[in-house]
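Given chain G's structure and the hints, the job is docking chain D onto it.
2 protein chains.
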Amino acid sequence: MDLSTISLGQYTFIQNAFSFGLAVMAAASLFLWLSRSNVAPAYRMAITISGLVTAIAAYHYLQIMLSWEAAFSVTNNSISETGYPFNQAYRYVDWLLTVPLLLIELILVMRLSRSETVSKGVWLGGAAALMIILGYPGEVAEDAGTRFTFWVLSMIPFIYIVYQLVVGLKGSIAKQPENVRGLINGAATLVVISWLFYPIVFLFPLIGFTGGGAITAVEVGYTIADIVAKAVFGILIFTIALRKSEAEGGAQA
Amino acid sequence: MDLSTISLGQYTFIQNAFSFGLAVMAAASLFLWLSRSNVAPAYRMAITISGLVTAIAAYHYLQIMLSWEAAFSVTNNSISETGYPFNQAYRYVDWLLTVPLLLIELILVMRLSRSETVSKGVWLGGAAALMIILGYPGEVAEDAGTRFTFWVLSMIPFIYIVYQLVVGLKGSIAKQPENVRGLINGAATLVVISWLFYPIVFLFPLIGFTGGGAITAVEVGYTIADIVAKAVFGILIFTIALRKSEAEGGAQA
Chain G
1 MDLSTISLGQ YTFIQNAFSF GLAVMAAASL FLWLSRSNVA PAYRMAITIS GLVTAIAAYH
61 YLQIMLSWEA AFSVTNNSIS ETGYPFNQAY RYVDWLLTVP LLLIELILVM RLSRSETVSK
121 GVWLGGAAAL MIILGYPGEV AEDAGTRFTF WVLSMIPFIY IVYQLVVGLK GSIAKQPENV
181 RGLINGAATL VVISWLFYPI VFLFPLIGFT GGGAITAVEV GYTIADIVAK AVFGILIFTI
241 ALRKSEAEGG AQA
Chain D
254 MDLSTISLGQ YTFIQNAFSF GLAVMAAASL FLWLSRSNVA PAYRMAITIS GLVTAIAAYH
314 YLQIMLSWEA AFSVTNNSIS ETGYPFNQAY RYVDWLLTVP LLLIELILVM RLSRSETVSK
374 GVWLGGAAAL MIILGYPGEV AEDAGTRFTF WVLSMIPFIY IVYQLVVGLK GSIAKQPENV
434 RGLINGAATL VVISWLFYPI VFLFPLIGFT GGGAITAVEV GYTIADIVAK AVFGILIFTI
494 ALRKSEAEGG AQA
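Residue numbers (my numbering), protein chains in the order written: chain G, 1 to 253; chain D, 254 to 506.
Isolated chain G, as found in the complex (with noise of 0.2 Å):
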């Protein structure tokens, strides 16, 4: 990533982004720990978990914000280079904890048999970090062929989790209450559609688009796609569970 090529506008709108990031993640993790006791006690692990990703994502984005200006020096209205590095890494140690939890939090608000909860959850949390391992070596790679080759290696579980989330997940989702069953499919298509982003911003470096923008494009687009997938995803799940408790007469709301 070539930093010099940040105007200190982009600078500042990135920054706002990561500060952003924190506070959206800080207070879904506040709203749904403080929500969690709204919904009968199945359903409480879930949002234990929901609020559990968005609080590392807090603490990651907090992290990120620190490292980006750390890497840059103003005065007098003009930017240049610290020589520190913006630590890019974050976001993969960051995503290698959360990745596999909100597959669990889906699987968990679904209350499947718990045999069916253990199988799903090991397989699609164990392809999510997969994924993410196999991304982290293409991220911090030199030259194009690696960063292309990981690329590829990381898509096949990716794909392996789109599949079980549009096809695998279907005859479960049939078996749940009626009220909910078109949010558990929203929260599932949520997932894929935020999740695309990600490998084709990874392809960026590769097709040229470098500089300024492109690194704005990048850095305020990751912040969205991960509010998307963790924040509004939590809210969702929340959501989820809410309606189902009081279907089920265990709603505390």
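Worth flagging that the hints you see were computed from the coordinates, not collected in a lab.
Glycine residues also receive a C-beta, built at the ideal position from the N, C-alpha and C atoms.
Careful: at least some of the hints might be erroneous.
Listed below are several chain G residues computed to face chain D (Cβ distance under 7 Å; list not exhaustive) [said to hold, decoys possible]:
#, residue
1, ASN16
2, PHE20
3, ALA27
4, PHE31
5, SER35
6, ALA71
7, VAL74
8, ASN76
9, ILE79
10, SER80
11, THR82
Showing chain D alone in chain G's frame:
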């Protein structure tokens, strides 16, 4: 914003105002969350969100205060600029989150039907977000024409929201229990009056009201308006929730 006109006395006064804002907002969050169980379960989400609004504002007052301190260097009782820009945009990042949420507080405490809650939440919350997004390009613009153009654009959703609060909610307010009708009207009026401050201040640079005195008036004025619109408003929402809980026999206090 020409920071070179700020005197040491003004610098300290504004810094104290930001610290005051942070303390009030954080205290309001703690009060609201600690008192949440005093109201009936149906009103707890309104209180949770009221506390979130002030918590998000507390975080942004911390960021604003740190940015203010980074913009100045004080030695031997003389003040100079460091060249690091004071990040005024944190206010917009804050408003983008908190302004939709505080309209949602008001809707939630009214306990309308689910469809009415969703539709009013989406329309008022969406208009509020649009208002903030349209204000931002004007705030960061260098020339008066752009500032004025975005002021006009931002006033369209602003007027829509004011109209909804003054006229659109009339029917729903009339259906509220008599013991809280005055309070809910008061909360809507509080929003309208405290919000009038923002578009007026936005025009200050256009009418030549700049320099240290103007910056002090704007920053202290924003802080007071934020405290009224978020912390005082939140306490009002809590009072409404408490009265309604008592009337419905669900109060715990």
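Practice task
Return the numbers of the hints above that this structure violates; sort them in rising order.
Solution key: As far as the earlier hints go, 6, 9, 10, 11 are violated by this structure, in ascending order.
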